[in-house]
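Please model the entire structure based on the sequences and the hints provided.
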Amino acid sequence: MVLGGSAVTARGSLAAEVSERIAGGMGLACLYARRDGGGHALEAIMAGDGIERITLPVDGGSFESISPAVPCASIYEREVFEEFGLRPEGHPDMRPLRSRSGWGPLEGASAIPGNGISGDGVFEIPVGPIHAGVIGPGHFRFSVAGEPVLAMRAYLGYSRRGVEKAMEGPAGADRAFLAERASGDNSVAHALAYLQTVEQGSEIPLRARYIRTIYAELERACCHLGTISGIATDAALAVPAARGAALRETVLRLNERISGSRMLRGALAVGGVSRDLSAESMWDIENTVMKLEFDVLDLFKVIAKSPSFMDRAESTGRLSCEDAEALRAVGPVARASGSGYDVRKRRPYAAYGDIALNVPSCRGGDVYARLSIRKEEAMESLSAVTQCLNQMREGPVRARVETEDGFHVGVVESPRGEALHCAHISGGVVTRYKIRDASFPNWPALERAVMGNIVPDFPLVNKSFDLSYSGNDL
Amino acid sequence: MISAGFAASVAQGILMIALAPLFAGVLCKLKARMQRRSGCGLLQPYRDVAKLFRKAEKVSDSASWLFRAVPYACFGSMALLSFMTPFMLAEVAAPFGDLVAMVYVFTLYRFMMVLGGLEGGSVFGGMGSSRETMMSVLIEPSLLLAVMALAGLAGGGTDMGGIPGSLIGMGVIVLSPALILAAASFFITLLAENARIPFDNPSTHLELTMVHEGMLLEYSGRGLGLMELSSMMRLTIFASMLCSLFFPWGIALSPALPDLAAGLASVLLKMLAAMAAIALIESYLAKYRLFKLPNLLTASFALSLLAMISLYIL
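Those protein sequence lines, which keep their order, are chains A and B. Going by numbering that gives the first Met the number 0, the first sequence runs without a break in its numbering and finishes at 473. Going by numbering that gives the first Met the number 0, the second sequence runs without a break in its numbering and finishes at 313.
The set of hints was computed from the structure by calculation and includes no laboratory data. By construction, the Cβ of each residue, glycine as well, lies at the ideal position given by its N, Cα and C atoms. Be careful, since some hints might not be right.
To be verified - Okay, derived cross-link-like pairs now, DSS-like style, lysine-lysine, Cα gap no bigger than 30 Å in a straight line:
no.: 1; chain 1: A; residue 1: Lys300; chain 2: B; residue 2: Lys54
no.: 2; chain 1: A; residue 1: Lys344; chain 2: A; residue 2: Lys300
no.: 3; chain 1: A; residue 1: Lys300; chain 2: B; residue 2: Lys50
no.: 4; chain 1: A; residue 1: Lys300; chain 2: A; residue 2: Lys290
no.: 5; chain 1: B; residue 1: Lys54; chain 2: B; residue 2: Lys28
no.: 6; chain 1: B; residue 1: Lys28; chain 2: B; residue 2: Lys50
no.: 7; chain 1: B; residue 1: Lys291; chain 2: B; residue 2: Lys28
no.: 8; chain 1: A; residue 1: Lys304; chain 2: B; residue 2: Lys57
no.: 9; chain 1: A; residue 1: Lys290; chain 2: A; residue 2: Lys304
no.: 10; chain 1: A; residue 1: Lys290; chain 2: A; residue 2: Lys344
no.: 11; chain 1: B; residue 1: Lys28; chain 2: A; residue 2: Lys290
no.: 12; chain 1: A; residue 1: Lys304; chain 2: B; residue 2: Lys50
To be verified - A short list of chain B residues far from chain A (calculated; beta carbon distances all over 10 Å):
no.: 13; residue: Gly40
no.: 14; residue: Ala78
no.: 15; residue: Pro140
no.: 16; residue: Met147
no.: 17; residue: Asp258
Have a look at this one:
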């Protein structure tokens, strides 16, 4: 339950320290820089059965890149370079990650490099950042030979708002409202991760922990239903798409009835939840969830029984188990490619330690695998909500907590996977706040999964990953 | 002296153009109802086209005069076909147009649209054009063969105005495998030509999957309005060929008013059935993988070939 981090200072090579822990079954959850005295320090957060923090002081403007040894560190090192100007020496791929020239991502879009693939009949298709539909802004470069995609590179950062910087300041102030907006449809998950950095393992009333779990699982069910509906939409399977959207709407309306907010904004508060669930609300949740369980199963049956859809979904956008592991993909994407990692199970928080929870996993790695994992997880979420309702007892829903100096980390399983909040507090002031949304490590996995597919299948693959632009850009 | 038949057939052509957005609206409404949505009004396509006509047109810098000419060429070719195709009355205003000419007017339309897609200079237009060309290579032979089987069944003539009369004259015997197979093949080409699911998704916002819509992406204002209107007319023409050539029962054979009224009522019913069939398919099929489409079109070709063979064997 307590998510403090044991801290180690790297002696000599950071790559060796990280590789050693990866061999021991941990994963690199985040790598970021912060100002430390006159210089900088690199922080590597390793996640496994516990959380470990490795600090590497950086003198001067560069450090030795660990990407050649640890491929999943690549994006983090590019981020460090763009945010702090610290150059990772020996980094194999220094394409821009978020910034183009300076901090205005729109001013220098021409700075995006080509994919560097040439040959007879090989073309490069630039797509976005403005798209025909109402989706997040992202620029994609496809190298194609006819319809098959040779390579795809994603360039994001168009919805960067500087959330991490805004999270800095006096440690006592409640910034849950800000954390909720890191990624709009994962607001409970991010608020929960933020609250973990504030509450720092102090005792939260049991009832509040159950209510938090209910909110988090309703959010997950809602998010997965939206994705299932979206996958059906992108395959032009109109009727199941409409039904999926209607089911998502059912959850959103339930959210509004029980908390006052469709996206459960402001439902969590420091030390507990902002308001207790009334008996009527609990009855309402139980009824709605019971009905939803049938509807979700029915919806999935309709989708999976459509031969034309299955033909589109099976074997499309395959992410191999090896790639998923090497890139340390997280969440449903990784669990559809053989991973069994789920924060709720590995390091239970809120009330997850008290309820029975299955973590579905399969090795298919294609669009269909991700779709069925999402359906399984939605069902698990609904069951978790019911369990919480049955086990909850009357009691207080809020407690006073004290925030202390030091390093504090909050890790939750957001609907898209493991999300991380790291707070460095000194003298009662948050000096560095790092948010790592689940989408961040999954975007490179998408680049992998698209290779070898045909261009018109990309939207379907993209939707099955369902990554957040705002969570990535922050 | 203008004959009553000619006057009625001109009126029929105008009616087809005027009703085209209504049929698109009916299709849209049926699809919405099947998804348990209330959907927009039946007249929405009229409002959409009227709105587009009022809007300013923005033309890509890389486009030549051809870009502006394409919508008029497309609209013109579809307007011509409206006067060549029987709707409620067997007689047509443009009797020089036969089935073969019809197939190539469609080809002209597609050719102009492909050029328009390339002219805009955007990636999506180019991708749409290349996909459309790939599909048209496969659509054309099966369309041609299907209508040839129909002409053979009706007694050899390729004159569209003559076919309903001779089919009705043959009585029940005309419901032969040849007609059914040719109609089935024609229905598949109808879906392909009109960019319906499973060939293309007319309501998609995903640029990367677009075929027909991709070619229209660079159009705006009046140009887009004309292109949209032409698409609706194309759907109406195809559907009315299915209703009035393959299943002509109920069509008016003489321009007398009671006959015309009965013909109109029957063709509207048949069109409604055709739209319902399309809506049903669009609701229960996913869009096929791009490289699976040739299989479906090959099936359509095989059906029309079988129709042709059964015509001479049975």
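Going down the list of hints, with the structure as the test:
no.: 1; hint: A:Lys300 to B:Lys54; result: 45 Å, violated
no.: 2; hint: A:Lys344 to A:Lys300; result: 28 Å, holds
no.: 3; hint: A:Lys300 to B:Lys50; result: 41 Å, violated
no.: 4; hint: A:Lys300 to A:Lys290; result: 16 Å, holds
no.: 5; hint: B:Lys54 to B:Lys28; result: 25 Å, holds
no.: 6; hint: B:Lys28 to B:Lys50; result: 20 Å, holds
no.: 7; hint: B:Lys291 to B:Lys28; result: 29 Å, holds
no.: 8; hint: A:Lys304 to B:Lys57; result: 45 Å, violated
no.: 9; hint: A:Lys290 to A:Lys304; result: 21 Å, holds
no.: 10; hint: A:Lys290 to A:Lys344; result: 27 Å, holds
no.: 11; hint: B:Lys28 to A:Lys290; result: 29 Å, holds
no.: 12; hint: A:Lys304 to B:Lys50; result: 41 Å, violated
no.: 13; hint: Gly40; result: 19 Å, holds
no.: 14; hint: Ala78; result: 29 Å, holds
no.: 15; hint: Pro140; result: 22 Å, holds
no.: 16; hint: Met147; result: 30 Å, holds
no.: 17; hint: Asp258; result: 39 Å, holds
Comparing the model with each numbered hint stated earlier shows that hints 1, 3, 8, 12 do not hold.
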